[in-house]
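Visitor: In the order they appear, the protein sequences are chains A and B. Counting from 56, one number per residue, gives the positions in the first sequence under our numbering. Counting from 4, one number per residue, gives the positions in the second sequence under our numbering.
Please keep in mind that the hints were generated in silico from the structure rather than gathered at the bench. Even glycine gets a Cβ: it sits at the ideal position worked out from N, Cα and C. Among the hints, erroneous ones may be present.
Which stretches of chain A does chain B cover? Using the computed rule of at least three CB atoms under 8 Å from a CB of chain B, they are [claimed, not checked]:
id	stretch
1	72 to 80
2	121 to 132
3	140 to 149
4	266 to 276
5	279 to 287
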Amino acid sequence: MITQPSHVPERLGLLATSAVDPFLTEELLKGEQVHGGIDLAKVVEPLPEDDSRWWVEPIRSLVEDAMFEFREDRTRADAWLAPRLHATLRLTRREAADKRLWNHIALAVAPDYVAWRHLSEPTVNRPERRIVAERFRGPADRQCFSRLWWAAELFRNGPDYGPVADACGNQDLVHTVLRMDVIDHRPTAQALVRLLRSGLVTTGREINGLCVAISTAGATLTYDVLAPDEPRDPAALRDWIAEAESAPPVERYELPNGPDEDPVPEESVAALTGYFTELFETAPVRGRKSGD
Amino acid sequence: MKIYPYKRLNRPITLRVTSVSLKLSDGTRDQLETTAYSTQQQAVALGIAGHTDWVSATIGLSATLPPGANAPDAAWSDLCVLAVLTDGETNVRTSAELTRDAPDGRDWSGSVELLRDDHMGRASLAVYAVGTVDGVRGRSIAETDRSWLVDTASDEPVRGLQLDVQTASFKRSSREWLQAYADAPWIVDVSARVPTVFVNTDVEGVMGLLDSNGSGVESKVRDLLIAQMATDVWTAVFHGAIGDLEVEPGAGPVFPTDWQGEVLREMLPDVVPGVHVEEALRQVHRRRTGDSGWVELQTRIHYAAVRRADATKALAYVIRSLEQMNRESET
């Protein structure tokens, strides 16, 4: 397994996707050897120097803690890292939509984490262990770090990261739901977590069945009417970002706090939870006998 | 064509933007000129006044429901009208209720708020009429058929494919990755947020040619060159968009909500003619990910790109100019 590059930058930067390929070597994708870091640094565009959010050390230290803590069960690292990465980086969605930032974290700052988390287990059909390239540079819901950040952003309930930890604790949920548009509606995201917590849906097939049913119903139903959300106050996020300068490292044992935005209206979450429960009970789920 | 299991209005809602104002970081507001939005293009350009420090934009809207919305025997009750702002790049979805202008009218108005921190490029704006039908709340009974585009950076309200053209010496550029392409006259990068053409200034005279104007043969050659670049761009963005499709469980591939979606909607009728764009998208996705048919499709993709780049016209003008030049040198 690879270690960090011998040269890790001190500051985060922007790495254009078209500049990534020379460093995505066959050896890296097999998890055998990583680039040295010096050549990669030459193609990185710097971020503003006066912003303390771009220090690399807090990110490095988070991924190292995750690799140590979850060395026995690496998929469980997602639920731990997602809220902490989110609370450390303190990004706006506008900033998080820039794939170059995620490219830089995956290739320059923590390629060893990408390999540790996403190197495939050997199977009969694919005996060779391998990391899919999109874990380094790829769609927002697939890339190693951006998927965690977006999961945290879409599932947090105002400052509360509790729902994020629950959602990320279920690989099927994150995998299926992050690519669906319905999740952009906050009450929908919270209602899904409620169903997960209540134990109504747990397996991949159940989650898939539920998500198909929600999407299908969503084609004719407007969830915004069934479950209205409050407008967000942009000042809360800006204040939180401004506090990054003086913020201590995020808690390792307790969940950190997110930006002080209003939580999703409780009536809306309750209404959708009830509605989705009904939907699920009548939805076709592979492997479930009708009348179960 | 979607089939709905309940009664709906057959015609779409029409949506107009009626005002746009920016809230600046010092708390003041700037009411933008009407040139910030275009009803014909259905586009809003928030970058028009050159502000870089704005916090949010308020977009005033007016929507007209199709006839029949208020019919006394309508199948729906609890009618409400929502404006919904979405952005696929940043997963934003915000909605605002509009209010009816007159008790029995079909015009509704209101405004949506767009936060600058929430968007990187373009958002889209649609309106839905929602009611209770057969006892089911929240049924969508009509919507706009084409969303408005809100561009958070552009200074001109247009919908088309945005292109960024950059010039650089590939050998000496600070973007070191360009050095690998030092012997190419230009390259296309569609992995950036907006497709970008990098023109290699190491090719001597290329800038002079690209900047040439007037009516001489040079300007015709320039147009041909641009048509060639544009063909490359259209081809590359099509492949980029198709290769990056999201697939909804049970529903198949979905149109991207950003410029990639615009490109696909525009090109697909030429790639798979004669079918609805949704079906065309499914067919193309199946061919790319399936066992056969992808190679055969390349000619059609190239055709769709060439058409968009006006390559035939550019070539015809060059030939005409060359003929004229030859004739003049003979006499």
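Visitor: Tell me if chain B covers the stretch 140 to 149 of chain A under the three-residue, 8 Å CB rule, please?
Guide: Answer holds; 3 residues pass the 8 Å Cβ test.
Visitor: Confirm or reject the coverage of the stretch 279 to 287 of chain A by chain B under the rule of 3 or more residues with a beta carbon closer than 8 Å to the chain's beta carbons.
Guide: Our answer is that it holds, as 7 residues pass the Cβ test (under 8 Å) against chain B, meeting three.
Visitor: Check, residue by residue, whether the stretch 266 to 276 of chain A contains three or more positions whose beta-carbon lies closer than 8 Å to a beta-carbon of chain B, and give the verdict.
Guide: Coverage by chain B holds for the stretch 266 to 276 of chain A (7 residues, Cβ < 8 Å).
Visitor: Can the stretch 72 to 80 of chain A be counted as covered by chain B under the rule of three residues or more with Cβ-Cβ separation shorter than 8 Å?
Guide: holds (count 4)
Visitor: Would you check chain B against the stretch 121 to 132 of chain A, counting CB to CB pairs closer than 8 Å, and say if three or more residues qualify?
Guide: violated (count 0)
Hint check: a violation occurs at hint 2 only; the rest are consistent with the structure.
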